[in-house]
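**Student:** Residue strings, one per chain:
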Amino acid sequence: MNKIIRAGLILNFLLSFFFADSQTIDSAFTTVKYSFVFRPDSTKENYTKEDILILDIGHKYTKYFSHNRLIRDSIMARQIELPSISNGGSYIADMRNTPSAGSTKILYRNLQSNTVTVTDNLIFDNYLYVDSLLDLKWKILKDTLTINGYLCTKAYTHFRGRSFYAWFANSISLPVGPHLFGGLPGLIFQLEESKGNFRYKLLTFEKQVLKKPIIFYSKNHIRTNRLEYRKILQSMLDNPNGYAASHGMIFKEKDGTIEKTPKIPYNPLEMY
Amino acid sequence: MKYWQFFLYLFLPLFSTAQIAGKVATQNNNPLPSASITLHKKNIPSIIAFAISDKDGKFIIHYTANTNDTLELNVALLGYSKQTVFFLPTEKKDFQFVLTPEAINLPEVKVKNPPVWQRKDTINYNTSEFKQAQDRVIGDIIARLPGMEVTPGGQIKYQGKPINKYYIEGLDLLEDKYGLANNNIPADAVDKVQVLENHQPIRVLDSVSFSDRAALNIKLKNNAKLKLLGRARLGMGAAPLLSEDDLSLMLFKKKIQFINTYKYNNTGVDNTRELTSQNFADYINALQNGAAKNDLVSLVQPQAPPINSKRYLFNNAHTASINQLVPLNKIYQLRINAAYINDFQQQESHTSSRFFLPNDSVLITENNNYKSFLNRIDADATVMANSPNYFLKNHTRFQAWLPFAKSNITGNTLLAQQINNPFHNISNDFRLIKTNKKRITEWSSFIGYVTMPQQLQIQPGLYSNLLNNNSPYEAMQQQASLKNFFTDNYLSIRKRKGRWGLAYKVGANLQSQLLNTNLQIKQNGLLKNVADTFQNNLHWNRFRVNTEGNFTYETERIRLALNLPLQWIYLSANDELLAYTEKRNALLPSPSASIMWQLSPKWSLSSAASYNQSLGDINSITNGYILKNYRSITNNNIPLPENASGNINVNITFRNPLKILFVSGGVNVSRTKSNLFYSQSFSGSLETLLATVRNNFANNLGFSGRISKYITNWKTSINLSTNYNLGKRQQLQNNTVVNLHNTSFMFSGGFTTKISQKINTEYNGTYQNYKTKSQLSKTATSFKTFTQIFAINYNVSEALFIKLAGENYSINSTNSRQQYLFGDASVRLKPKKSKIDYELLLNNIFNTTEFTGLQLADNIAIISNYIIRPRQVLFKVSFSLQ
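As they're listed, the protein sequences go chains A and B. No gaps in the numbering here: position 180 of the first sequence is 179 in numbering that gives the first Met the number 0, and each next residue is one more. No gaps in the numbering here: position 715 of the second sequence is 714 in numbering that gives the first Met the number 0, and each next residue is one more.
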């Protein structure tokens, strides 16, 4: 899998130089950072991974993306920029001292229609779909808790097969939060899945004095819908080499047989 | 109405379920989506129901409430004013809201980084935690960081070891003259200071050749990265007329970095220090190759007193520097560093030196009135590439130092001495490292040429019995000139296989030197040579071939290295006039081994053992006499000196960034063998050096330890450090070998603390004890010093700062006891938001005008009395670009 990811990332990088197209859709007046702790494998309770996510909030759009991924990408881009001296075609990227790989998903929320456009890079291709979020309904509970100096109220939702509890600050009236979550009468400060598989915590809430542009990257996206995307993702994780082979990249063992890679555990936030 | 709601009505007649709807819009009647509409009971914060306005600004809320309660409907959207209406469930069903824009005035949530935190091999110091109101430049903060130490000369050490790089935003602008950054980057511009532990500056060698040194990286605040930083300052004072002016400009962008400075002062501030290289290993290497200034003749001049240089430096110094780093293309960077110094210094001192000889002692007293003039240019141009698979560095250096000094000596003898001791150096150092799948290949070539045409003049002519058949004469003039050509070239190949690393190096170097010296005397206005034996015309050629095998083994926690260099030296020296020739062949191995062991994430142990052999240089075999200074005439009619030394050291470090505790300690054992004994002989105050061929040894055992801790709650850092050294040397006295024992002990402790928001203090006390004892004498001679430095800063308001500082020196020897107290005060006014600040300083409040210092060496005791700077007042105005 590692090989595939490496090959794919580099391929993607090279492609992105040719096809990257970006468009400023809004400017953020506020930025929120969330820490995200999750269990990649639901059978391993004590194994967790971390990511830091940025939510740039504009008046029309919000953009939600991984801080760790951003850092890795910029480090890699810088290293790939340096022409390879030793032998053509091979790239060595020194990824030490970089944070662990973050999410490749980028979420753009349209605050007017309350829909979320999700883009994701599944190694070889970039996919895009629009999530209407009609099925995200909240129930506000009585509990309150002061987090980072803000009085927060608890809310509950059952969303796509999992239960979540959120704490939101009514005094910051923005119906946004981490990932797909939003639609509450206040900014979400914390969100936790009932079994502890996913935990989001607000790290910072800062105003942007110099308005930060919200840029939409359209990297040759394949337009799809949510259910289709889930199928592709599932197939990639179940059989990484098969997925690579379907893109013309075949990994062979030294004796010539096709390399077999184990299934990658999958613990999705959305169960359906 | 739904069926179940009907039942609700039946059984709970007090509650009604209802629906309200409405629209949120701006003043221009534009719909406002994503506003929060929350329904509460009047004055009760808990939310009964809510809605978010849709793209048309519309909302619908379904709710259940007691029909008698007054309800409260809040409409809010960040960036707009909040609106509240109260209503009874029975009255109103439709709401129209118009929101007006409003500045966001909510407290931000910011991550408060801990003062110190660690990420992999990087330790981050949050400068805001360690910064005090009075700090101006980053060096002020670095000196205070736990685990770090700045020597009086400006060298930065981390856990007791000198740093190997000082980066600014990851770029190496200054090589090892990092004092320029440390003394000029504004403290306010720095976000954090990073320590990169076990840092290998050459990226190609990163996983192949490991380093036990740390590098420093200065991370600037985002706003400081984009604009020009700097300061202009004017200072005037008395007495005599004082002036202190400087201008510094710097820029640290990704594509260009520069630091340009011009400074002038006659107030005792030594700005030449920031232009000094802090890499001593490089300096020693240069010295061995003849590429560093090593004067052939000198003035008799007391050592600098062991106190803060601003107390005794009577200077008049201009310094200017240009340092620029620009990328040439994607791979290569160009760096230019140039510095100019123009300095005029004066010093008045009185020295009495006592030399203890086997049967008696010689006392020399000198009143010294010294003046020196220096013009110095250093220019360096470097082309660099440092990527993970390619390294190139071509460094061209040009140095021209033109010092001139004179002094009048009264005392035992009355004389005037004068010296010209210039140094010119031009060199080029090329290094290329390439890597491919199989190996890493390195080529290196150094070539350099140095000239030192030096001259010493003494008036009147001395030692006429020795030099001029007892007839008096006017002056003596010693010419001494050294020309040195040096080249060193090598090729090395490194391979890595699993945990093993193998490197093989082969190299050749040549040193070709010519030393011309001639002692002349002036009689009746005419210069004449003294004799052939007072001349040297020595040609020296040293050819060296070295091979080196280097083996490393590395696991996650242990790194082992074994280094096996072997050099073959062919040396030839001849002086035709003196009919002297020396030819030598020698095969000298100098093996070394080291281990680094990460015992735990916090503890690490490193140890190294080395054996080194060396032969003397051209200065050690001069057969003709040279007047080194007015009271020393020396020749070396001796075989080539040979030295061999063994050294073992063990260091242990502990660091816990979470608790901000840094501890390190070490033991060092060394033994040196020399084939020659040196001893002095005196006739009057004329000293001649004698050498006897006889193996002798010097042993040394040293311990050192340091602890530093930061207590976050008290905003206090505490440092403790100690050294203990035991030395044994041998001397030849009356043809018998006498052992001399030296003991030195140092203990130093200090703290800086914030007593309150407005008051912070700094204190450091150092106790030193030095003892020397000869095998023949029953008692040891010793002296003790206790130095205390303290400061108290009082921030009267956000604009007014007061500082009181002082130094106390106490020096005790067997028969004398001295105390010195120096005090300084300053008031600084920096109006809020103003770029200008004003400072009034009063230095040396108690007007101490003299200082007496003591020096003790094996058989010499020197008492020196210096005139120091009197009380002075200075007013400075600074303008900072920020």
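Be careful, since some hints might not be right.
What the hints assert, rightly or not - The calculated lysine to aspartate or glutamate pairs, modelled on EDC-like cross-linking and capped at a C-alpha distance of 16 Å, are:
1) Lys-59(A) x Asp-55(B)
2) Lys-206(A) x Glu-101(B)
3) Lys-109(B) x Glu-205(A)
4) Lys-41(B) x Glu-71(B)
5) Lys-59(A) x Asp-53(B)
6) Lys-104(A) x Asp-124(A)
7) Lys-757(B) x Glu-107(B)
Please keep in mind that the hints were generated in silico from the structure rather than gathered at the bench. Everything numeric in this text was worked out from a predicted model, so none of it was measured.
**Student:** If a hint holds in the structure, say so; if it does not, say that too.
**Tutor:** Comparing the hints with the structure gives:
1. In summary, the hint linking Lys-59(A) to Asp-55(B) is supported, as the alpha carbons are separated by about 13 Å, within the 16 Å threshold.
2. Among the hinted pairs, Lys-206(A) with Glu-101(B) is consistent with the structure: their alpha-carbon atoms are about 14 Å apart, no more than 16 Å.
3. Taken as a hint, the Lys-109(B) and Glu-205(A) pair is honoured in the structure, with Cα atoms around 7 Å apart against an allowance of 16 Å.
4. Of the pairs offered as hints, the one joining Lys-41(B) and Glu-71(B) holds, with about 5 Å between alpha carbons and a cut-off of 16 Å not exceeded.
5. Using a Cα cut-off of 16 Å, the hinted pair Lys-59(A) and Asp-53(B) holds, with the two alpha carbons roughly 12 Å apart.
6. For the suggested pair Lys-104(A) and Asp-124(A), the alpha carbons sit about 12 Å apart, so the restraint of at most 16 Å is met.
7. Distance check on the hinted pair: Lys-757(B) and Glu-107(B) sit about 26 Å apart at the alpha-carbon level, beyond 16 Å; violated.
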